Structure formats: structure tokens, C-alpha cells
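Visitor: The primary structure of each chain is shown beneath.
2 protein chains.
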Amino acid sequence: MKITTKVAHFTSPLYLESGRILEPYDIKYETYGTLNKAKDNVILICHALSGSHHAAGYYEGERKPGWWDGLIGDGKAIDTTKYFVICTNTIGSCFGSTGPMSSNYPSNEPYRLKFPVVTIKDMVKAQMHLLSSLGIYGVHSIIGGSMGGMQALQFAVDYPNFAKNIIAMATTYATQPWAIAFNKVAVEAIRRDPRFNNGNYAKDEFKELGCDGLAIGRIAGHISYLSPDSMGDKFGRRYVSNDGLFELFGRYEVERYMEYNTGNFSKIFDPLSYLYIVKAINTFNLSRGYESLYDAVLRIKANIHLISFSGDLLFLPREMEHLAKMLDRNSQSYTYHEIDSNYGHDAFLVELDKFKSIVSEVLSR
Amino acid sequence: MKITTKVAHFTSPLYLESGRILEPYDIKYETYGTLNKAKDNVILICHALSGSHHAAGYYEGERKPGWWDGLIGDGKAIDTTKYFVICTNTIGSCFGSTGPMSSNYPSNEPYRLKFPVVTIKDMVKAQMHLLSSLGIYGVHSIIGGSMGGMQALQFAVDYPNFAKNIIAMATTYATQPWAIAFNKVAVEAIRRDPRFNNGNYAKDEFKELGCDGLAIGRIAGHISYLSPDSMGDKFGRRYVSNDGLFELFGRYEVERYMEYNTGNFSKIFDPLSYLYIVKAINTFNLSRGYESLYDAVLRIKANIHLISFSGDLLFLPREMEHLAKMLDRNSQSYTYHEIDSNYGHDAFLVELDKFKSIVSEVLSR
Chain A
1 MKITTKVAHF TSPLYLESGR ILEPYDIKYE TYGTLNKAKD NVILICHALS GSHHAAGYYE
61 GERKPGWWDG LIGDGKAIDT TKYFVICTNT IGSCFGSTGP MSSNYPSNEP YRLKFPVVTI
121 KDMVKAQMHL LSSLGIYGVH SIIGGSMGGM QALQFAVDYP NFAKNIIAMA TTYATQPWAI
181 AFNKVAVEAI RRDPRFNNGN YAKDEFKELG CDGLAIGRIA GHISYLSPDS MGDKFGRRYV
241 SNDGLFELFG RYEVERYMEY NTGNFSKIFD PLSYLYIVKA INTFNLSRGY ESLYDAVLRI
301 KANIHLISFS GDLLFLPREM EHLAKMLDRN SQSYTYHEID SNYGHDAFLV ELDKFKSIVS
361 EVLSR
Chain B
1 MKITTKVAHF TSPLYLESGR ILEPYDIKYE TYGTLNKAKD NVILICHALS GSHHAAGYYE
61 GERKPGWWDG LIGDGKAIDT TKYFVICTNT IGSCFGSTGP MSSNYPSNEP YRLKFPVVTI
121 KDMVKAQMHL LSSLGIYGVH SIIGGSMGGM QALQFAVDYP NFAKNIIAMA TTYATQPWAI
181 AFNKVAVEAI RRDPRFNNGN YAKDEFKELG CDGLAIGRIA GHISYLSPDS MGDKFGRRYV
241 SNDGLFELFG RYEVERYMEY NTGNFSKIFD PLSYLYIVKA INTFNLSRGY ESLYDAVLRI
301 KANIHLISFS GDLLFLPREM EHLAKMLDRN SQSYTYHEID SNYGHDAFLV ELDKFKSIVS
361 EVLSR
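Chains as they are written, first to last, in our numbering: chain A, 1 to 365; chain B, 1 to 365.
Pairs count within a copy or across copies, as identical chains cannot be separated in the list.
With a Cα cut of at most 20 Å, we get these calculated EDC-like pairs of lysine to aspartate or glutamate:
no.	residue 1	residue 2
1	76	40
2	6	60
3	114	243
4	114	247
5	114	23
6	301	321
7	354	321
8	76	351
9	356	338
10	301	158
Keep in mind that the hints were calculated from the coordinates and are not lab data.
Computed from a predicted model, the values in this text were never measured in an experiment.
From just these sequences and the hints, can you work out the full model?
Guide: As C-alpha cells, this is what we get:
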């Protein structure tokens, strides 16, 4: 499978939900497979909070593939021999699309805290512009989990004629206070980190030592992505063998895991981007801009496929069920599957075997 | 109801589970009601992570009563006209018992990180010494929730002839990785707070501005004490009216609540104590020092009363059920109640009406 990575540069303004304007802006994106003549084989993949446009395949010299590689590829559930798959880095993120550390044109200085708040609606609008610029005016399917699922649903509501199928998993119709509270740990930890310095850090400030605030916030994130069961299975009460049980800072294995993962993450991910994307997640509400959730949902023309995970403690199955019931009452085209999984929220990244047949089936119809 | 608050000073060594010694040490404690002649009307109350010896009644000039005032008092479920109720501040805590900011005798300097790690077993042993010093060699009941429930169970295992009844609620037989992970947020946030300064802060360092690390850790704590339902009921998606929706640091009500509560808490509670008590919670394992959990449980002679809360996401009902099943298989005297509650872990502090009849019934037998 060939990976093509590109950056599209837009000089026309992006009118944001806030009333502010982003101009100019870049969207970094990746494609797999070939666009057919009829341009009707496009599948758009939307990434989650910490994800990127690199959804599948291996970069040269890398040992870790894209974040949904188990799902996307030649002969896989999202078959790149048939489909032209696109995944974009959302605006606000830090992997090549315009975000808070991008230059605030016409200056060469980064926006930092002057970057406008972007919403899921804005992320979706930016992706529409990219697709238009590629001559793509409709897609076969839009697929995403977590924040990616929010985007998929927002596409369905805002652009009812754009996608034939929407597959949204491990997500919600509006972010609930429980998820906002988890995000709050990161917001406060980053803001209060002196090296964050109110957003005025050097571009390579966190490259070596990482950003403490982001690492701490990410521990809370990891908790919300896992579950008592997945942690029990993975770590139990095992203690780090070189640490003394009666040393104050001696660690259980679950603690070492948290330290290691979040430490690495905080060297790679930009803390300002984290704040902006968390804001987009917190403010996500399908009904905003419409009379009600009912009115928003009524606009949908695509076939909606909702997948929740029984052990998801971040976006609870009942949130997707709420949406399913609404679609059902309106006799709109939908399916809803609750996948049995103890893995927690991250099931959408990990338990592919449990839901890839649903994806294949939607695509083969 | 009369409140008597005292400090007991011990010059004999407390031999800790770690092999280290605490000497001398103080235990601050509070009593309500009157000790009868037979000294058989004693009820010991054990507090949770952030609790204190002030379990009931109002201090002069204070508008907030002790933390279990709804349960303890004249004519209440734990009736202070009948019982002599004692609650001690655990060692390691910061409300008057010896903890990391106490003087490291014979110097006048605080222990800080030289304070020995204390365990639930050590907390219980210290309370045994206090009770002995008061001429109390057996008690009617020991009651506690969360870390207080750990102590109650540890009493039952380590001193099988000491208490007739044990009521342990919202707790576990051994702290699971899920709870340890929540605590990890606090551990890392405190350690990485520059003002924490590796424990070398001035005694009044956090009095005015609070300790950022502790406040951040406490946000994660609050999440684990509540639930999606209780947050949904309490806050929903309400936004702070003076904050702009599209301001990066504009807040949902749930965020304001977290800021406010944790900010205040971090002015009052000592961050070193928090680290030491979290360590005691993480290392809690009823089976340590015995061949197995089975062997530990088999030692119990008291009537055990276990209460879990269906919505408790910190110590899951199934953890108490595990203990109940073990007691059942051994034909030991026990009751187990799972209280239906959406409140989350804090139900043991909040939903008193749902379980106080169980407490009264145990005491009246």
C-alpha cells in the first residue's frame, strides 16, 4: 500500500464558528489507494484527540504503523485496493495542519494563545474545503472514533448530502460533564506548568524533557481510555521489581506504565494544541446552531452506523443509544451495535476484530 | 452533643510494617458521648483520605459540621446518647497526628521525605495503642468508608478479638490498579510542582495560593469520587455565564466546581501528607503478612457488614462482593448490601439515608 502525504495550502479565509477567521491555513493529509474516475470510492477517516493524518501503513524506517493500520490497507476492512482513503490532520492539531504554534500571518511569530478557538464544526468545514480542492464533492463513507466520531456525525448533520455512510464509534452527541472533568485535569496541569509559561515557550522547549503539565493531564486521559478490567488484566497489583514497597515513590507497574507513556507523549505533542483540541471536544454539541438535537438529527440523510463499546467509561454506550433512539423514532436509516468489550474507550483502537466485520459490511452494501 | 478533642502523646516506639520506627508520635482524636462503666459501648470511626478526627458536631463558630455528622449524634444512627464514639486522625495525616510535617525528634525540623512510609496496618496499630492507653481493650463496632473501610477490615484481620462488629463501606480487600492510577495523577502533579520543591517547602507555603500539584491531583480525585450520573445531574453542560463559549479558558460549570473545590482543598491539606496517605491506600492489601487473602479472612471473628454502592467507580461493588463470597464460603458471620446509588464513590458521605438503617440495625443487635 502506497502512502501519499501532502500539505494543502489555503489562502481563502476559513470562517469559524466563533465568528473569527483563520487565514491562511494548511491541512496536512494522507491518502491510500487510488481515486477512481467516477470519484465515488472516497472514504474519509477522522482522527481522535492525539491522532494524526497518519492512519495506516509504515513510514520508511518506522516500526509503528498508522493508528488504524489494522483496519485500513490492501484487503483489510477498509480495503485500499478498492477505496481511496483520506485522513487529514485536524486544524488546531500539531502534525502539520495549522494550529496554535503555526505562524500568525503575516508575522513569522506563532499564534500561541492568539489562535482562535476551533470547534468540531470548524474541523469538519476545513476538511470540506480540502476535499473540494481535490475535486471531491461527495464521499462513500466517513469513519471515525472518539473525536473522529464527533467529526463524522457533524459531517452528517452539517452536510447532509455529502456522505452516503457514516460510521461513528466510541463517541457521543454532545460531550458530557464527566468527559469534560477528565479534560480539566489536563487543562489545569498545562496552565499551571511554569514551563508552559502562558503559552510563551520556545518551539523545542519540551523536545527533550517533555511537558510536565501535559504528561500529568495525559495520565488522567489514559485512565479515561482504559477501564478497571483492562488495567486489572494488564497490570494487576504487580510492583516494579527494583522499587521498594515501602519507598514513598516506589511504583506499581500501572504507575510505571503511566509515567513512561505520558512522558514520551509529552515530548511529541504540543501542549497548546492539546488545550485547543480539548476545547473542541468539550464544546462539541451536535445541536449547536440548530433548534434542538432533534432538529439537527432530522437533517441527516446518510446511513448512520453507530458503534459503542460496553466498557467505554469516557463516552458511555447510552450516549450513542440516545442518538440511535432518535434516529429510530424518525425512521431514519441507521444501525446501532454495542460491542461487548472490557477494554474501555480505547477499544475502538484495539479491539478491531470485534467490529471490523461491521465496517466491511457497511462498505460492501 | 459534646465534642471532646484531645491529643495523645506516645513515647514508646510504633514499629511499622516497613521495619522502621515512629517515635515519639501523637494521635489527635475526638470523642462524642460517654464511656460506660463496663467500657462496652465504644464505637470507633475511621476516616478516609482527606478526612480527620472531626467526624461529627459543630466547632464553635463553624458552619460546617464533621464529615459524618448525618450519621453520628444524639438520636442518630450512631447514637451518642448510647455509645462512646471515637474518631482518630490517622498517622501520616495533617490534622494533628504525627505526619511528614511533624518534627523529626530530637530535631525541631519536620521529617518531610524522611517520614517513614506508613500503611493501613500501621494506622490501625497506632489506633490500638491509643485505645489501650484509654483503657479500652475491645470495642462494640468499628465503622469506616473508603480508606476508613480499609482500616475497619484491617482491624478485623489483625486483631480478631477486638471488635464485635465491623461495618466497611465503599472499600476493597486490596487496592486495584484503577484506583492506583487515579492516585498517580496526584503523585506526579505534586512531585512535579516546583513549589513542592521535593518536600522542602515552608510550613505556610500553600496557605494563601494553595498547592497547584495537589489541586490538580484532587481534580482527578473528585472525578473518581463522583460518577457520570452525579455530574450529569449536578452540572449537565451548563456553561459559566460570564465566560465566553469561544474563549480558550472559558469554563463549563463542572470545571468551575473542580477549580473551586480543589483550590480550597490545596490550601488546607498538606501535600506531603497527601503523598503518604495515597501510598498507604495504594499498598493496602488485606492479605499482606498472611499466606493468602483466604488465610487473612479466615482469622476474622467479628460480624462483618459490607456495604457497596452500585455507582462507585473507584472501589467497585464486585470488590466487596469478592470478600462477601469468601466469608460466605467459610460460613463466617457477615452481611453484604449493595446500595443502589448513582452518586459514585462519595455516596458513603452523601447518601446516608440509603444505608443508615443498616448501621442502626447492626448496632441494635
